[in-house]
Amino acid sequence: MPALRAQITETGEYLVRMDGDGDGRVSLAEYQDWMSYAFEAMDANGDGTLAADEQPGGKGKPIVRAQYRARLADRFNRQDLDRNGFLDARELAAPPQ
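The opening position of the sequence shown corresponds to residue 3 in the working numbering, with each subsequent residue numbered one higher.
Check before you lean on any hint, since a few could be wrong.
Each pair of labels, with its calculated beta carbon distance range [as the list claims (entries may be wrong)]:
| hint | residue 1 | residue 2 | range |
| --- | --- | --- | --- |
| 1 | G59 | R85 | 31 to 39 Å |
| 2 | A46 | D76 | 24 to 32 Å |
| 3 | N47 | V18 | 27 to 35 Å |
| 4 | D84 | A53 | 15 to 23 Å |
| 5 | K61 | R85 | 18 to 26 Å |
| 6 | A31 | A95 | 30 to 38 Å |
| 7 | Q99 | A40 | 16 to 24 Å |
| 8 | R77 | V18 | 17 to 25 Å |
| 9 | G14 | M44 | 38 to 46 Å |
Source of the hints: derived by calculation from the structure; they are not laboratory data. Just so you know, even glycine gets a beta-carbon here, dropped at the ideal spot from N, CA and C.
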């Protein structure tokens with residue numbers, strides 16, 4: 003699936019791929035599930051924790067999946083400009099506030 007993610011060139015494509023239930027908007031859970039590909043790719047040993055050597059630069063405190071998802075929730079909330087609990091194509095294209 004990472005190869006598919008790399009081929010996305012327009013915000014609308016992100017929306018379509020992230021929108022698991024096809025309702026034209028992205029919920030927090032859909033966003034977290036989609037964006038967790040990075041965690042999964044870095045978690046070389048599959049133990050659900052990113053050790054320092056699995057993180058960019060090989061430094062940092064261990065990060066568990068729940069912490070990673072919490073960071074994604076924070077990013078999602080900053081992008082949810084109208085505060086309706088969903089991201090549309092316009093919000094996905096905007097930088098986090």
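Taking the hints in turn, this is what the structure says about them:
{"no.": "1", "hint": "G59 x R85: 31 to 39 Å", "verdict": "holds, 34 Å"}
{"no.": "2", "hint": "A46 x D76: 24 to 32 Å", "verdict": "holds, 25 Å"}
{"no.": "3", "hint": "N47 x V18: 27 to 35 Å", "verdict": "holds, 33 Å"}
{"no.": "4", "hint": "D84 x A53: 15 to 23 Å", "verdict": "violated, 38 Å"}
{"no.": "5", "hint": "K61 x R85: 18 to 26 Å", "verdict": "violated, 35 Å"}
{"no.": "6", "hint": "A31 x A95: 30 to 38 Å", "verdict": "violated, 21 Å"}
{"no.": "7", "hint": "Q99 x A40: 16 to 24 Å", "verdict": "holds, 21 Å"}
{"no.": "8", "hint": "R77 x V18: 17 to 25 Å", "verdict": "holds, 20 Å"}
{"no.": "9", "hint": "G14 x M44: 38 to 46 Å", "verdict": "violated, 28 Å"}
Hints 4, 5, 6 and 9 from the list above are not met by this structure, while the remaining hints are.
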